Structures are given as C-alpha cells and as structure tokens.
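Heads up: the sequence lines are chains A and B, in that order. Here numbering that gives the first Met the number 0 is used: the first residue of the first sequence is 0, the next is one more, and so on. Here numbering that gives the first Met the number 0 is used: the first residue of the second sequence is 0, the next is one more, and so on.
Treat the hints loosely; a few may be bogus.
As the list claims (entries may be wrong) - DEER-style ranges, computed between Cβ atoms:
#1 A/87 - B/57: 46 to 52 Å
#2 A/5 - B/82: 24 to 30 Å
#3 B/57 - A/60: 45 to 51 Å
#4 A/90 - B/14: 41 to 47 Å
#5 A/87 - B/91: 49 to 55 Å
What the hints assert, rightly or not - The calculated SDA-like cross-link candidates involving lysine to any residue, where the alpha carbons are at most 25 Å apart (straight line), are:
#6 A/6 - B/78
#7 A/52 - B/58
#8 B/106 - A/109
#9 B/78 - A/102
#10 B/106 - A/94
#11 B/78 - B/26
#12 A/62 - B/78
#13 B/74 - A/59
#14 A/62 - B/42
What the hints contain is simulated information worked out from the structure, not anything from laboratory work. From a predicted model like this one, the values you see are computed outputs, not experimental measurements. Backbone N, C-alpha and C fix where the C-beta goes; we use that ideal spot for every residue, glycine too.
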Amino acid sequence: MSEIVKKILYLNRKAPYGTIYAWESLEVVLISAAFDQVVSLMFMDDGVYQLVKGQDPSGIGMKNFSSTYRTLGDYEVKNVYVDRDSLAARGLTADNLVQIAWEDVDTGEEMENIVTVIDASRGCELMAEADVVFSF
Amino acid sequence: MADMIDVDGKQLAVDEEGYLADLNEWVPCVATVMAKQDNLELTEEHWDIINFLREYYEEYQIAPAVRVLTKIVGKKLGKDKGNSKYLYSLFPYGPAKQACRFAGLPKPTGCV
Chain A
0 MSEIVKKILY LNRKAPYGTI YAWESLEVVL ISAAFDQVVS LMFMDDGVYQ LVKGQDPSGI
60 GMKNFSSTYR TLGDYEVKNV YVDRDSLAAR GLTADNLVQI AWEDVDTGEE MENIVTVIDA
120 SRGCELMAEA DVVFSF
Chain B
0 MADMIDVDGK QLAVDEEGYL ADLNEWVPCV ATVMAKQDNL ELTEEHWDII NFLREYYEEY
60 QIAPAVRVLT KIVGKKLGKD KGNSKYLYSL FPYGPAKQAC RFAGLPKPTG CV
C-alpha cells in the first residue's frame, strides 16, 4: 500500500473503440484506485462515448467494457465528470450515460449515481486542483 | 506451445500462470482439477466465492482486485465472509488470484 496519496485526474478524450486508449485508461484507473489513490475521471470530446449505455461492439470483435465503468464505485472512485458541451455537441444528455453507484460499506453512505455533468469552467478547476493529470 | 490441463479427458489451454486461455471453455470440473493441482479440496464455501466471481465477471467484464473482492463479498455473502482472513483460509494462494483461476477468469486487474 502506498503511503503517498495523490489526487489523480484521468482525462478521457477518445472514442471507446478504434484505439486502445479508452480501455488502457480504464485499466490504469482500476489499478491506481486499488492502491489507495484519490482517483477522479473526466470525459470530454469523443471520450463521452465511453460512458454511453447500451453499447454492443460484438460486430467489430471487441469486448464490451462499457459495463466495467459501473464497477468504479466498488473501487472507491467517487468522482466521474462529463463535459456538458461535449455531450451537447454529440446530441447526448446525461440520460444516455451509464449510472455508477457508490457505497461506503463502513459508514453506509450511499450515492445512486456518481456521474456528474459539469461545465468547462468546473473542468478547468478540477484539472488545476489535481496533483497529476493523465490524458488518454 | 501453450500449457494444457486435462479436464474430463479434454485438453484445455492455460497461460503460463495457469489461467484458462478461453473462459468460454470453463466447466465446474475445471475448478476441481485446478484445486487438485494446488492440493485443495473444494467445499461449498469455495464454490460460493467461485460462483460469485463468475457472476461479477459476467456483469462487469473484469475480475476484481483482492481489496474489492473482500469488500463486495462482505456486501453480498455477509460481513463474516468479507475479510481477508476468511478468504485466505479458503484460497491460501491469494483469494483473488487463486479463486479467479479456478473460476476460469483472467488474472485480476491490479494484481501484481
């Protein structure tokens, strides 16, 4: 277990399939979250497609890892942000996205959905607040 | 050349760490054969965890890291089972690694 806890922000900007970025990012997120780091995710540009529900990539022979995002709550990731302008530019709203539940087993604190749609200005703040930003 | 294990006379490929190459080939007997190789006798308590892992993979498409496994087992199967002492007593080579292997899943993400 690491003694140094950093605030890490993962910025996801690419479509889920066609490149390995989305899946690689998710794997790194799960690994760093498992090692007690404070992990947040932000989705913008084509990256917002990663969270769209009802995906079926079987036609292109890819594993449908969109359901894996829903496990982030189990990995104690509490903050998942989606850029409002990027959604709007693609004709999407929060209703098109998967919901990720979060629960603290010790305190019983629960959140039904940790996916939050934010404005660009809030996105800038979050990047400034993070110790490390990884862009995928 | 991949390693093979013999399950009911059928040869199934495993990777260099003993994880099943194709999870679709899994049958309960795979777990029994792998457990025997590790000198373990599978009890109902083992099967609870193995089946739970398979359901988790089915839903989320990943094998959970050990800390996450401990937490969610506690949530689903009861607090007395959601601790590493209990899980290690069942799976001495590491609850996530060994149980995932028996369940035919890939090595858990985040396991070193």
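Checked hints:
The hint said 46 to 52 Å for the Cβ distance between residue 87 of chain A and residue 57 of chain B, and at roughly 34 Å that hint is violated. The given range of 24 to 30 Å is respected by residue 5 of chain A and residue 82 of chain B, whose C-beta atoms sit roughly 28 Å from each other. A hinted range of 45 to 51 Å is violated for the C-beta pair residue 57 of chain B and residue 60 of chain A, which are about 19 Å apart. For residue 90 of chain A and residue 14 of chain B, the Cβ-Cβ distance of about 43 Å falls inside the hinted range of 41 to 47 Å, so the restraint holds.
Between residue 87 of chain A and residue 91 of chain B the CB atoms are about 53 Å apart, so this pair conforms to the stated range of 49 to 55 Å. About 30 Å separates the Cα atoms of residue 6 of chain A and residue 78 of chain B, which puts this hinted pair outside 25 Å; it is violated. Our distance criterion of 25 Å between C-alpha atoms is met by residue 52 of chain A and residue 58 of chain B, whose separation comes to about 14 Å. Taking the CA atoms of residue 106 of chain B and residue 109 of chain A, the gap is near 29 Å; set against the 25 Å cutoff, the hint is violated.
Between the alpha carbons of residue 78 of chain B and residue 102 of chain A the distance comes to roughly 15 Å, so the proposed pair stays at or under 25 Å and holds. In summary, the hint linking residue 106 of chain B to residue 94 of chain A is not supported, as the alpha carbons are separated by about 34 Å, beyond the 25 Å threshold. Proposed proximity of residue 78 of chain B and residue 26 of chain B is contradicted: the alpha carbons are some 29 Å apart, above 25 Å. Proposed proximity of residue 62 of chain A and residue 78 of chain B is contradicted: the alpha carbons are some 33 Å apart, above 25 Å.
Straight-line distance between C-alpha atoms of residue 74 of chain B and residue 59 of chain A comes to about 36 Å, which puts the hinted pair past the 25 Å bound. As the CA atoms of residue 62 of chain A and residue 42 of chain B are separated by approximately 32 Å, the hinted pair breaks the 25 Å bound.
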